[in-house]
Amino acid sequence: DAGITQSPRHKVTETGTPVTLRCHQTENHRYMYWYRQDPGHGLRLIHYSYGVKDTDKGEVSDGYSVSRSKTEDFLLTLESATSSQTSVYFCAISVLAGGLETQYFGPGTRLLVL
Amino acid sequence: RKEVEQDPGPFNVPEGATVAFNCTYSNSASQSFFWYRQDCRKEPKLLMSVYSSGNEDGRFTAQLNRASQYISLLIRDSKLSDSATYLCVVIIVGGTSYGKLTFGQGTILTVHP
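Chains as they are written, first to last, in my numbering: chain W, 1 to 114; chain D, 115 to 227.
Hints were generated in silico from the structure; no laboratory data involved.
Take the hints with a grain of salt, since some may be wrong.
Below, simulated EDC-like cross-link-like pairs (lysine to aspartate or glutamate); rule was C-alpha separation at most 16 Å, straight line [claimed, not checked]: (1) 214(D) with 56(W); (2) 70(W) with 54(W); (3) 159(D) with 101(W); (4) 214(D) with 72(W); (5) 214(D) with 101(W).
Here are the simulated distance ranges between beta carbons [claimed, not checked]: (6) 10(W) with 116(D): 28 to 36 Å; (7) 72(W) with 166(D): 30 to 38 Å; (8) 40(W) with 141(D): 34 to 42 Å; (9) 191(D) with 16(W): 49 to 57 Å; (10) 155(D) with 50(W): 39 to 47 Å.
Don't be surprised by glycine CBs; every beta carbon is placed ideally from N, CA and C.
Given the sequences, and given the hints that come with them, work out the whole structure.
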C-alpha cells in the first residue's frame, strides 16, 4: 500500500461541465502521474508532476489540465467534459528503490460523461 | 507498431497448469521492465520486476531478452486466484529523469477448476 487515495471514486457528469479529480498521497513522493485506462488502449499517461508546481504533458493531455500546489495533492481537471473522456482514471506515484523506479497506483476513479 | 505488444489472450487454463506470456517492446532504449497484475475493476499492482539475468518469485518466473526485445512471464502450478489481467510494462528513462512507463494492453488469464 503506497498510501494513495483518489476522490471521487465514481462520478457521473454531463457533457460540457467541469470535473476535478483528486489524488492524495501521504508519503511525500516527488513524482505523481495521471493515467486513463480504456478498452483497446491500455493505460495512457495524461500528465505528470515532478514537484510542487512542476508538471508536464503526457501522451493524451488534450482536454486536461493539472495542478500541484502541495506535495501530497495532484489534481486533474477536465475543463469541459466530453463523452470521449469517459474512462477509468488512475493516479500513480514513483518509488525509487535500489536504483530501480517502480510505480504504484491509486484505486482509480470511474468517470462517466453523458 | 505499438511500443509494447502483448498477446491479449484470453488464456483459459486448468488449475495446476503452467502458462507463459510474452511481451515485445520496440524501443531499444528501454531500461526497466515489470509485470503488473490487474484484477477486474481494480488498479494495476506490481507483480515483479524483470532483471537481465531472469528472476523467480515463488511460482512466477520472469525473463528478459534484450537482443530480441522481449519479456516473458511463466506461471507454474496455476491457482484460481491467478485469474487476472497481466500487464507488461517498460520504462524508458528520459532526459527529464522521470520514468516514462509504457504499458502493454494486457493478457487475460482465467484459471478454471
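Against the structure, the hints come out as follows:
no.: 1; hint: 214(D) with 56(W); result: holds (12 Å)
no.: 2; hint: 70(W) with 54(W); result: holds (11 Å)
no.: 3; hint: 159(D) with 101(W); result: holds (14 Å)
no.: 4; hint: 214(D) with 72(W); result: violated (21 Å)
no.: 5; hint: 214(D) with 101(W); result: holds (10 Å)
no.: 6; hint: 10(W) with 116(D): 28 to 36 Å; result: holds (30 Å)
no.: 7; hint: 72(W) with 166(D): 30 to 38 Å; result: holds (35 Å)
no.: 8; hint: 40(W) with 141(D): 34 to 42 Å; result: violated (21 Å)
no.: 9; hint: 191(D) with 16(W): 49 to 57 Å; result: holds (53 Å)
no.: 10; hint: 155(D) with 50(W): 39 to 47 Å; result: violated (30 Å)
Violated hints, listed in ascending order, are 4, 8, 10; each of the other numbered hints is respected by the structure.
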